[in-house]
Every structure is written in C-alpha cells, then in structure tokens.
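J.: So the chains spell out like this:
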Amino acid sequence: MMILPTAAEADGARRAREMLGEVVNRQTQVILFVFGDDDAAKEIAARADVRAGGHPARLAVWVKNPSVLQGDARFAAVVEMANDGVAAAAMTLDFQVAVRLAGDRAMDPTELGLAFARAQQGVPA
Amino acid sequence: MRVARLFAAPLLLLSACAAATSAAPPGTPQGAPAVATGTPLGRAIKAYEVTQDGEMVALPDAGIAEVDVNSVVRLHMDAPAIQSHLSGASGKGPQIQALETQATSALSTIEALKKSLTAIEQIRRAAPRTDAYKKAVEAQGDLAVAAYTEIRTFLKSRGLSTDVIAKLDDAELVPFLLEESKKIEGELAQQLKTMAGVRFRVQAQLTTKGKSTPIHLPNYDRLPDGDPKLIDKLVPVMTDDVKKQYELAGKMAAAAADLRGTIAETLKTLERDTTALLDSAVSLKVLARVAVSLKIPRNGKVKALKDALQKEQAEIQKLVDGCTKATAAWQSAKDRGDPLLFTSAAFTVITDCAMPILDKKQLTRLETLGKSIADVLGDAAAKVEIGVSLQADLEKLEILQRMQATLEPLVAAIGAITGGVPSSLPSSSAIALSEQTDRPYGQITDTVIDLTRTERQEKDFVTFQPAVTIDGRVVLDGAPVTMKVVRTGLHVNVSAGLFFVSPLDQATGEPMFTPAPAVTTAVHYRIARSSGEASPGGASALWNFMNAGIGFHAATLALGKKPEDGTATGANQIELGVGGALQLFGDLAQIGVGYDFQAERAYWFLGFGLQTATDFGISFPGTSAPKTSATP
Numbered sequence: 077m078m079i080l081p082t083a084a085e086a087d088g089a090r091r092a093r094e095m096l097g098e099v100v101n102r103q104t105q106v107i108l109f110v111f112g113d114d115d116a117a118k119e120i121a122a123r124a125d126v127r128a129g130g131h132p133a134r135l136a137v138w139v140k141n142p143s144v145l146q147g148d149a150r151f152a153a154v155v156e157m158a159n160d161g162v163a164a165a166a167m168t169l170d171f172q173v174a175v176r177l178a179g180d181r182a183m184d185p186t187e188l189g190l191a192f193a194r195a196q197q198g199v200p201a
Numbered sequence: 010m011r012v013a014r015l016f017a018a019p020l021l022l023l024s025a026c027a028a029a030t031s032a033a034p035p036g037t038p039q040g041a042p043a044v045a046t047g048t049p050l051g052r053a054i055k056a057y058e059v060t061q062d063g064e065m066v067a068l069p070d071a072g073i074a075e076v077d078v079n080s081v082v083r084l085h086m087d088a089p090a091i092q093s094h095l096s097g098a099s100g101k102g103p104q105i106q107a108l109e110t111q112a113t114s115a116l117s118t119i120e121a122l123k124k125s126l127t128a129i130e131q132i133r134r135a136a137p138r139t140d141a142y143k144k145a146v147e148a149q150g151d152l153a154v155a156a157y158t159e160i161r162t163f164l165k166s167r168g169l170s171t172d173v174i175a176k177l178d179d180a181e182l183v184p185f186l187l188e189e190s191k192k193i194e195g196e197l198a199q200q201l202k203t204m205a206g207v208r209f210r211v212q213a214q215l216t217t218k219g220k221s222t223p224i225h226l227p228n229y230d231r232l233p234d235g236d237p238k239l240i241d242k243l244v245p246v247m248t249d250d251v252k253k254q255y256e257l258a259g260k261m262a263a264a265a266a267d268l269r270g271t272i273a274e275t276l277k278t279l280e281r282d283t284t285a286l287l288d289s290a291v292s293l294k295v296l297a298r299v300a301v302s303l304k305i306p307r308n309g310k311v312k313a314l315k316d317a318l319q320k321e322q323a324e325i326q327k328l329v330d331g332c333t334k335a336t337a338a339w340q341s342a343k344d345r346g347d348p349l350l351f352t353s354a355a356f357t358v359i360t361d362c363a364m365p366i367l368d369k370k371q372l373t374r375l376e377t378l379g380k381s382i383a384d385v386l387g388d389a390a391a392k393v394e395i396g397v398s399l400q401a402d403l404e405k406l407e408i409l410q411r412m413q414a415t416l417e418p419l420v421a422a423i424g425a426i427t428g429g430v431p432s433s434l435p436s437s438s439a440i441a442l443s444e445q446t447d448r449p450y451g452q453i454t455d456t457v458i459d460l461t462r463t464e465r466q467e468k469d470f471v472t473f474q475p476a477v478t479i480d481g482r483v484v485l486d487g488a489p490v491t492m493k494v495v496r497t498g499l500h501v502n503v504s505a506g507l508f509f510v511s512p513l514d515q516a517t518g519e520p521m522f523t524p525a526p527a528v529t530t531a532v533h534y535r536i537a538r539s540s541g542e543a544s545p546g547g548a549s550a551l552w553n554f555m556n557a558g559i560g561f562h563a564a565t566l567a568l569g570k571k572p573e574d575g576t577a578t579g580a581n582q583i584e585l586g587v588g589g590a591l592q593l594f595g596d597l598a599q600i601g602v603g604y605d606f607q608a609e610r611a612y613w614f615l616g617f618g619l620q621t622a623t624d625f626g627i628s629f630p631g632t633s634a635p636k637t638s639a640t641p
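Chains as they are written, first to last, in my numbering: chain A, 77 to 201; chain B, 10 to 641.
None of the hints are false.
Within a straight-line C-alpha distance of at most 25 Å, the following computed SDA-like cross-link-like pairs (lysine to any residue) qualify:
hint, chain 1, residue 1, chain 2, residue 2
1, B, K176, A, D180
2, B, K176, A, D113
3, B, K176, A, M78
4, B, K165, A, E187
5, B, K176, A, E119
6, A, K118, A, Q172
7, B, K144, A, G97
8, A, K118, B, D172
9, B, K123, A, P132
Chain A residues, not near chain B, derived (Cβ > 10 Å throughout):
hint, residue
10, I79
11, P81
12, A84
13, Q146
14, G147
15, D148
16, Q172
Hints listed in this document are in silico derivations from the structure and should not be mistaken for laboratory results. Since the model is a prediction, treat every value here as computed from it, not as a measurement. Cβ atoms here follow ideal geometry from the backbone N, Cα and C, with glycine treated the same way.
Assemble the whole structure, with the sequences as input and the hints as a guide.
T.: Structural data, given as structure tokens:
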C-alpha cells in the first residue's frame, strides 16, 4: 500500500504529488484511493490492501489528507471526490474514475474487490 | 507458488455434490427440455431411445412411445429432482435443499476464483505498458468481477458477513472456501443420517402376451443380464404363432365348407341378441310411458322410478334408433349374401349400436334403472300401483350384458384399428421385482433398458417406474412409463391368413371365393417417431396406420381343373398356389393374384391375416385362435 505524505509533514504536498504522479505515469496498476485519516479510513485502507495482495496490477493508495493533491490538474478529480465525501475510489490504468464507494459499501471487502476488478476492466464510471 | 499449490487442493465435499448434480448424458440431443427440481417423480427420469444405428431420440414426457426392437433405452436421472423427492419423503427437504444450494455455490465460487487467480499469471508474464499487458489486466478484471460476485452469493447463502474475508487475500480465499465446504459436508452428512433408510428405486418390466418379466437395470438391481441378440428385421421368420395360425386357417377352411353359412350362423346369433336388445329397449320405452302416465304416484319408490324412466326415455330412444338402423343394414347385407357386405354391416352394428350400448355411462344408468325396477318389484304395493309385471323387462335388461360380452372383442378391434389406446396395457401392480438395489441419496445414477438383451417381440410393452422407499417400503410411486416395442424401418412380416380364392377363368356354376389357408411373406416399412414424439404424426401416422406391404404368398388350394362342360367338379388333390400379395393394416386385408400349379389355373383372392385379427382379440367360430397380443 502506498500512504501519501500529509501536509503536516515536511514538503509533504510536493512529495505526495510526485509519488502519485510516478504511479500514474507508469500506467501499470489500477489504483484504489482511500480518503481520510480516521479509524474507518484506516480499516478501509487495510482491507483494500488485502484485496490488492498478490495482484501485480493493483495498488491501494491511502490519502490521509487529500489537500496535498491540490494544485495539480491531473489530480483534480481525486480531490473533488474526496471533498464530496467519497470514502474510496478506484481508477483505471488510464487514471479514469471507475468506481466510487461511500459509507458501509466502502468497508465491504467484496465491494473493494469489485472496485479493483471493475477498474481493471477499464470502463470509466 | 501459493496460488498454484492451492489449485491442487482437492475439492472435498464437492465431488459428492457434483455427482448428485449429474449432467445430461453424452450425446443428449440439443434442446432436450431440462427437468426442474419440483418435477413429479415420474418425470424425473428422462428417457432416450438409442437406435441400432446410434441415433438418440428423446421419449416424450407423456403417452406410450414406440421403441424399436433393437434399441437401447437410456434412463437419465434428474438427480436434483429425485433427491428433492427423497429429502421430501424424509421431511428434511428444506434443510437439505439449503445445504445443496450452499454446496453448489461453493463449487462455482471456487471455480471462479481459480480462473481469476490463474489469469494473474498472464499479467505477470506480459511486458508492462504494452497492449498485451493491458488486455491481461482487463481479462483478469472480468474474471475477478465474476469471482467476487460468486463469493458474495456464497457468503450470503451461508448467512455469513463479508467481514469474514476482510483479512484474507484472494489466494487465501480458496482454503477458506474449502474449509467452509467441509463444514457443509458435515452438516449435510448430519442431515442425511436422519434419512438413512430413504432410497430411490427404479424397476422395469417387459410384458409379452400378457405375461410380465422383470428387465435388468444396471445399478438398480442384481438381476442377471441376458445375452445381446439383435433381431434381423429382413429375415422372414416362421414363428410358432404363425404356424399355429396357419393350422387354424386350415381348420377354418376345412371346417367351413361354405363360409357364407358360417358367417350367416354367426350373424344369426348376433341378430338374435340385437333383436332381444331392441325388444328390451322397446319394453323400456313402453314402461317409461306407463310410468309417465301414472297420475299422482302414492308410493315414493314409484315416483323415483317414474323420474328415472323419464330421464332415460330420450337416451333409450336414441339407442333404439341406432340399433334399428344398424340391424336394417345388417339384414340388407344378409339378404344380398355377400361376405364383405356382412363384415361391413357388422362394423356398422358395432359403431352405431354396440358402442353406444357399451358406453360405460349408459350401462351405469341402465344398471341403476334395473335396480330401481327390482326395488319396486320388491314392494308389493308399488307393483300393484304400476299394474304391470316388470320381471320380464328386468330380465331383458340382462341382454345388454350379454351383448356386451359378445361385442366387446369386436369393439376392441375397432378401437385398435382407429388408433385407440389398447385396453390391455400392463398394470403397474404387475411390477414386482426381487433383487432390487435401491439407491441412497447422493448415489443416484443413470441406467439403461437394453432391449437387445431381453426376449422382446414386436407389440410387447416395456415399462419402467421409479419409486421412493423408506426401509424398503414404497412411500411414493412415480407414474409408470410405458413403451411399445415396434419394428421400425424396412422389415419382413410372415403371417398366416385365410384367402377366398376365385379362378380368373371361372366357369359358370363354379363356386366363388373358395376358402384356402395361406402363408404370406411381405415387406413393410414403418416410419420411426421423431424426438419427443410418442409416435409419428401427420402423413407418417397415416402411413404407419395403413401399414401397407407387398410380397408373395403360398396357398393350399382346391380349385380343381376348369370344368369343360360348365359343371363345377372341385379338386381331387391338394393343390399349391403361389403368387403376389398386397397387404393393408399389417396383414389384415390382403389381395393378390397367383397360379395353381396342379390345376394349371390363375386365380385372384381376397384374404385376411389371422395375425392382426388375433392381435385385435377376434376369435373365430368353432376355433380358438392363439392370442398374440399383450393382454395382462
């Protein structure tokens, strides 16, 4: 799992954008973002990481502080989803939004697995 | 590596469940209707006829299907449907059904996961950022969607929260599912213990000439299997029955110096009965008038009788009209003295007079009427009130019963000719097998009825019947399924017949239609039914009904030389005639020409075969025809 640095960390925003940018540019993995820094987000991130386990084309990315992605046009949609209350979102290899999860659905391991799988299918939401 | 190891893990419980959910047999015709769970027990077995040529033809769900003498009938068990009957009989239906659902769900989940995990290797092998890589990712995504959907369904069917797999990655899900499968197996075994004595039974029998013998069904009994024996349909075979019939024809020809006299005698007997019937009917009519004319019956029984007679009056009138017309035609035929017209008139009597009489409702009504009369006769007051002696009329009612006995075989013959269902089908009660191997839940398997290993003959019946037993006692009988054994395609018939022979160069005063016993060998063609049909329909049905044949005959004649002076002399030796023959309705109606070698004369003939006639249950005056039909 990739955990992006927060704004509170030194040079956190820049490093976060660089880390994510590198993954996006590689276009070898679908990404399941988990937003937030509370216990629920922590559990969702853990479960998403389990679902990515053993899959070379899956990556779970925990964005504790979505504001670090602001200012980069590539991540505008990600920031917008986080601000809209989306708990988790799956992106295709082309970095298009495939699935948005909120509430209990985001906690369901089968929903997380399906989110990864649908992102792999490459069909934007 | 872990994934690969997990793939090798045995699917423990599911082998049993997969066996229970057996697929259609190899070669099952496409489009054969699937039997759903909840199917009646009798329909839970799908039968397929496999012909001598290897063609597989489904049997219909209803009706008496024709099967060829050289066919094998495969019985495919709809295991889920049968098992639902077994579990239903034990009262454990819902629990077992739920466990079956879970087991099936586990099986499909594991299969889906296996596919999904295998596809991951494709991703690993492809170079990143290539089209092949992207396609592999997409393909694995498709399979993963299916796998997660299956997992969700399985967990729901087990009543488990999805949280139970929160810490298990996809590879770890396989052992988890196998563990769950084991649990299901244990639960299922626990349930099945409570229905240990519940078994599924299938038995089959062959009915030949009314006698039933059990047929070995592999996996379902320990009866010995016969040796395979194909019937060559194109080889003429002089069976014992044909020999007997030939002897019978000879006796008939010899005994009936004048067949017309014999027929006239028979008709006279029947005519007497018919006249008596008419008397009875007329008497009833008169009786009805008397009863109706009674003003205010003081006796309740008389009133009841009056009502009954009033009700019957119209029906009796119809009966009288039908019989009057038919007997008039009969009388006319008799006056003309033509045997063919006699036969035709006899059929008219059957259809217009006898069949209405034999109508069960009619008989029941008349029987009730008879009882009413008898009841009134026992009441002296009522008898006085009516003022007529009804005893004689009551006796006349019995004539109906006598007529029934006289005409029943002929009516059966008509029914058979017109395609009516034979009245003498094997009864299910006749199925009684020893050496039965009833099969428990989970071990239901297909079986076959191999006709080639039985002593089957054309026109035999083959029946199979499923049942559910508990501790050997039948608690649920499935409907028996009956098939009729026929010879399809090109086949040769050898039969004995009675010919009425006339020389082509007939001299004045020479007798026409001299009876002569004969044997015919003719080629027939029977069209086989299509899949799902009991018998062929449309033009094929008409063709099979006509059952036309062409062949040759050999007859023992007594034509004698053609008289020179116009005086018939007859034969003073046994003569042999041979020639061609055309047949209709099997061997029932025959016509042809031939040549008498001794008399040196050509002849033509009309004839009828004793085979079909005896199959129809027709017996002949002064003889006892061998029965060849199945009349259990």
